[in-house]
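> Based on the sequences and whatever the hints tell you, model everything.
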Amino acid sequence: MTATTRSPAPVLECRDVTVRFGAVVAVNSVSVDVPPSTIIGLVGPNGAGKSTLFSVLSGLHRPNAGRVRFEGRDITGLPAARRARLGLARTFQRPEVFAGLTVREHIQLAYRVATRRRRIWTDMVTARGFRPADRAETEQVALLLDALNLGDLADRPVAGLSLGMLRLVEIARALATNPKVLLLDEPSSGLDDQETEQVVQVFRMAVERQGVSLLLVEHDVAMVMGLCSRIHVLDFGTKIGEGTPAEIRSNKAVRAAYLGDEGAIGRGPAEITVQPQAPEVVS
Amino acid sequence: MTTSSALLSVKDLRVTYGPALALQNVSIDVPNGSALAVLGPNGAGKSTLARAVSGLVPAAAGTVAFDGVDIVKRPPHRIRQGGLVYLPEGRGIFPTLSVLENLRLASGLLPRSARREAIARGMEIFPPLAARRGMKAGMLSGGEQQMLSLCRALIVEPKVIIADELSLGLAPRAVELVFESLDRLKQQDVTIVIIEQFVHRALKFADRAVLLSRGQVAWQGASVEAKNEVLARYLGDAATADVA
Amino acid sequence: MLAYIYAGVALGSIYAISVSGIVVTYVSSGVLNFAFGSLAYFLARFYYYLNTEHGWSQIPAVVVAVFLAGPALGAFLYLALFRHLRLASQLIKIVTCIGVSVALPALALMVFGNATIDSAPGLASEPVRVYRVFGAPLNLNEVIALVSVLVVVVLGTLVLQFTDVGLRVRAMVDSEALTSLSGVSPTRISLCVWMVTTTLAGFAGVLVAPSKGLTPDGMTQLMAAAFAAVVAARLRNLPVAVGVAMAMGIVTDVIQKYLPANSSLTHAILVSIPTFVMAAFLLAYILASGKIHDGSATGGALDQAIRPTGGDSASASAAAAVVKSRTGWSLYMLGPVIIIGIVALLPLVLEGYWLTLLAGGLAFGVVFLSFTVVVGEGGMIWLCQAAFAGCGAVVTAQFATNHGMHPLLAALLGAVIATPIGVVVGLLTIRLGNLYVALVSLTVGMLADNLIFTRQTFYQDGVGVPVSRPGFAVDDRAFAYLTLAVFVIIAIFVVNLRRSTTGQALAAVRYSEPGARTVGLSLLGMKLLVSAISTFIAAVGGSLVALNYQSALPTTYATFGGLVWLAVLVTVGLRSITAALLAGLMFTLTPGIFQTYLPTSWGNVPTLLFGLGAVGLAIDPDGVVAQYARHIQALIGKVASRRGSTEPDPPGGGDGPTTDTSGVAQHALGATR
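Chains as they are written, first to last, in the numbering used here: chain V, 23 to 305; chain W, 24 to 267; chain R, 17 to 689.
Please note: incorrect hints may appear among the correct ones.
Subject to a maximum C-alpha distance of 20 Å in a straight line, what follows is the list of computed EDC-like cross-link-like pairs (lysine to aspartate or glutamate) [to be verified]:
hint, chain 1, residue 1, chain 2, residue 2
1, W, Lys-227, W, Asp-206
2, W, Lys-159, R, Asp-180
3, V, Lys-274, W, Glu-252
Pairwise CB distance ranges (calculated) [what the hints assert, rightly or not]:
hint, chain 1, residue 1, chain 2, residue 2, range
4, V, Arg-84, R, Leu-425, 47 to 53 Å
5, R, Glu-529, V, Phe-152, 25 to 31 Å
6, V, Lys-274, R, Glu-529, 38 to 44 Å
7, R, Val-365, V, Val-147, 33 to 39 Å
8, W, Ser-164, R, Leu-18, 47 to 53 Å
These are calculated hints, taken from the structure and not from any lab test.
Because the structure is a prediction, the values reported are computed rather than measured.
Virtual Cβ for every residue (Gly too), placed ideally from N, Cα, C.
Quick look at the structure:
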């Protein structure tokens with residue numbers, strides 16, 4: 023994966039998005055493009071505004087300024103549920119799973135909402151609860167369970183599963199909606215090395231087989247570097263860098279943001295009193 | 024390093040956070056009067072370590088010895104009474120109480136006769152606080168709030184201070200002040216554990232460093248040796264290569 | 017005019033004392049005290065017992081009943097119950113409070129005797145002395161109320177502002193975690209707060225008794241009115257709460273000057289004032305900020321951070337109790353079928369009195385299914401199901417008796433008419449947090465009590481409108497079977513609902529709103545659906561209860577009574593249809609057994625037990641049925657796994673969400689072995 027993936031028409035794009043909480047500017051005029059079938063990374067120190075940007079993209083938070091477009095269509099004012107139906111799925115930093123449902127039911131529900139929405143209402147009166155699921159659905163669910171290695175846990179309620187498993191459940195649920203873009207908020211935090219590796223495999227597969235685009239917020243920089251074709255770096259709500267992993271790695275501003283070199287600490291919002299000096303060279 | 028010389032000694036600590044495994048097999052010794060920097064990327068378990076040591080979250084296994092006593096099952100207020108102060112991430116102050124009230128609350132651990140003097144001493148160290156004694160702590164600037172948080176710790180003569188991201192979101196001058204105060208404490212032989220994003224600052228200040236990664240100790244050693252380790256772990260191996 | 021103001025200030029003072037108690041308890045211990053009314057009743061009844069029944073003079077009686085018994089009761093409740101609920105879900109906290117508020121009045125009746133109290137004296141000695149101030153009469157009870165609120169406000173302010181204890185209480189409001197990090201034990205502070213606020217409850221009870229009467233209902237109304245001010249204060253802001261409480265009291269009395277005396281309109285307006293106040297503030301807050309969370313009672317970022325993820329152990333284990341593949345038939349459906357089968361045999365065995373009780377129990381079983389849907393499935397804490405049942409009942413009676421409609425058709429019509437009311441309540445509460453939902457629904461229930469059920473058209477001097485059973489089910493046996501049939505039909509509907517896509521969508525919305533929205537579900541649709549279904553079921557059940565008694569007696573459907581229903585159901589289990597059936601039977605048969613075989617003085621024991629059962633939820637959140645079902649399931653699981661099946665054992669209730677990775681790893685190993 024190289025810089026050639028910069029294709030002409032992005033599936034998801036945000037332009038100059040700004041979010042303010044009171045006087046604090048959490049996201050300051052940030053633009054991000056997500057082309058089809060690519061993995062884009064979004065990194066930055068704690069409190070850089072990554073999760074807020076995700077909320078804006080997925081429709082859980084209205085931006086103060088800027089537009090969000092999906093397949094060319096302006097969706098800035100569209101509620102989250104409508105965006106999900108268009109093909110925009112996401113996972114959460116703290117998994118938002120449905121504690122009372124089993125792993126299988128998570129996937130079933132997402133699949134049904136995406137494919138046969140009316141069943142939410144009709145099932146109530148057609149006694150579908152007493153009949154087995156149809157074949158297409160069973161196959162699709164089995165496929166996802168298999169891909170994410172969740173087969174053994176399929177009929178367990180998710181309450182009581184480990185965080186790693188919950189992340190897999192969320193990813194399975196998101197993939198079951200047959201999304202075009204999947205937003206992943208810190209998919210590897212709280213996972214051990216083996217679980218992280220498994221998640222990475224799943225991401226690669228989703229892009230290759232389903233043609234999904236991924237936008238990834240992640241603190242494991244090694245993982246982001248290995249997975250993404252393009253990386254955006256946020257700090258204090260502002261985009262301070264963008265480029266291929268190699269470009270990001272040698273970007274001085276990025277290094278400063280991560281290490282807090284003495285010259286770089288002055289970028290606190292509205293508190294700049296000292297001119298930034300050249301970053302100290304690490305010996 | 025032997026355990027007997029350590030004021031604070033964490034052994035095989037394991038913390039589970041709801042469904043997440045937050046810490047595993049963490050063992051750290053902090054000798055009396057030393058300063059330790061706890062580093063690691065977001066989500067590595069730095070704050071969890073501090074919260075477990077201070078009693079806010081329960082440990083699933085392991086021991087935390089403080090002054091030779093196992094405190095792992097003690098509630099936070101008992102640990103605080105024993106002389107271990109945790110300054111939490113964000114601002115360790117009560118925003119709706121006034122500056123003076125914040126200090127009064129902290130001085131509650133001292134005998135009644137010593138409180139007034141302790142508060143006066145604290146305000147001498149941080150003159151801006153004296154000027155704003157009646158102001159609600161929530162109205163102070165970020166730097167002043169951290170000053171207050173530190174002042175609350177200072178006036179009761181603690182044995183250990185665990186400072187969690189005190190410089191987060193502060194202007195450079197305020198960061199300067201925070202570290203000055205920590206230096207002062209260090210000179211008074213208070214044992215200090217700092218959790219920091221600003222790696223250089225932290226390493227300059229501390230004698231030793233611990234690097235956490237995915238809830239485990241990835242590396243520990245003298246802080247002068249830590250820089251390359253940090254870069255390698257934050258930005259990948261190539262980062263150290265192109266600098267070196 | 018002045019006389020009205022004096023009376024209003026006195027009433028406002030009592031409200032103000034109550035809201036101080038409720039708000040301070042909430043902000044410092046995280047429990048919104050739904051038992052406040054019962055605490056007030058219990059202590060006021062104790063005062064009456066000492067003062068009126070045993071001839072103690074006012075001062076020693078109030079000292080013992082309020083200032084000694086109050087702190088003792090508060091300390092007991094906190095140490096025995098609420099201390100353990102720190103991390104529990106709002107549902108558990110509310111139900112525990114409801115348990116207390118059901119158990120305490122029953123206990124009071126047992127301890128202090130169940131004499132009917134027509135009028136209770138206040139703190140002033142009878143006859144109450146009347147002064148003339150600026151030409152208007154002002155009686156001593158009013159003076160005492162006014163002085164009391166001044167003392168409470170002044171003393172409270174002094175203590176909170178200038179003492180160490182007060183400082184610590186205020187610190188707790190900001191952040192409990194940070195308070196404990198300052199070396200202060202939160203448990204001790206909360207204990208103090210509970211002792212003080214329970215005393216305030218008792219004091220408010222003694223003050224309000226002369227005007228509102230010494231009954232649990234009257235005290236619950238006091239509490240419901242106080243809740244309006246609590247909502248206005250967004251649960252936290254003490255000065256606002258006290259101010260609104262005072263204003264509400266004054267408006268309530270002053271407005272009477274301009275309204276015709278003794279008219280039903282006047283009465284309707286007066287009782288609706290708290291509801292209007294609550295609605296107005298809620299509306300203003302929603303318009304201003306879009307959504308009202310109750311979030312956490314005490315809270316800074318640190319408190320949020322150290323709270324375990326994945327909800328509390330209670331909701332998680334409640335969820336874990338409903339396991340198993342939910343497609344197609346399964347072995348686990350056998351249990352309910354067998355139990356319903358056994359119940360179906362009962363009408364053949366039982367005779368006379370017992371048969372009547374059985375039929376009533378089945379009718380209540382239907383009502384309880386509405387809780388199963390709204391609370392159990394929807395996760396919405398509605399406390400007004402009794403009012404919906406009552407709506408169904410009175411409408412049925414009107415159509416059947418006054419318009420000659422077939423009773424079953426009338427019942428159906430009653431349910432159809434009640435359903436939109438439920439939908440409106442659903443719509444009103446859709447953007448509110450759990451606590452507000454409970455508060456609003458309780459107020460709606462109280463409003464129905466006061467506006468609808470007291471109307472002479474329905475009340476008929478306390479006998480209700482008669483309604484006869486359908487011709488084919490006149491005798492108790494046939495009626496019992498009719499009711500059972502209705503129960504089974506609705507139960508099948510509920511089970512299908514739960515197992516179908518609809519139920520999955522409901523669960524999704526209930527457990528995670530962001531999760532549900534990003535999957536593509538609309539919250540509005542799902543919540544309104546739950547509201548409609550549960551209201552419909554409640555109304556059908558209410559009609560059946562009326563048909564059983566052959567009268568639509570409004571007092572059967574008092575909101576306070578509805579709390580007892582919830583307590584009974586919760587004792588048995590909130591999430592299973594079998595539990596609803598058994599709870600219905602328990603609700604009528606247990607008192608029957610006590611009345612028949614035990615001395616009359618034991619008459620209140622069943623209610624006490626129901627209350628204690630709900631309190632038991634603090635200990636086991638699933639209720640009795642779920643608990644046993646889990647044991648049995650675990651047993652079946654073991655037997656099955658011995659035969660080589662890979663069915664996992666359901667996790668035990670105690671595990672909660674803390675099952676760690678190694679547990680899962682072990683499980684995976686066990687499965688492949």
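> Run every hint past the structure and note whether it holds.
Going down the list of hints, with the structure as the test:
For a cut-off of 20 Å, the pair hint linking W/Lys-227 to W/Asp-206 stands: about 11 Å separates their Cα positions. Taking the CA atoms of W/Lys-159 and R/Asp-180, the gap is about 17 Å. The hint holds against a cut of 20 Å. Between V/Lys-274 and W/Glu-252, the direct Cα distance comes to roughly 18 Å. Compliance with the 20 Å bound is thereby established for this hinted pair. Remark: the range hint 47 to 53 Å for V/Arg-84 to R/Leu-425 is upheld by a beta-carbon distance near 49 Å.
Checked against the hint of 25 to 31 Å, the C-beta distance between R/Glu-529 and V/Phe-152 comes to roughly 29 Å, which is consistent with it. About 42 Å separates the C-beta atoms of V/Lys-274 and R/Glu-529, a value consistent with the hinted range of 38 to 44 Å. Distance hint check: the CB atoms of R/Val-365 and V/Val-147 are about 36 Å apart, consistent with the given range 33 to 39 Å. Under the hint 47 to 53 Å, the C-beta atoms of W/Ser-164 and R/Leu-18, about 52 Å apart, fit the expected range.
Violation of the numbered hints given earlier is absent; every hint is satisfied by the structure.
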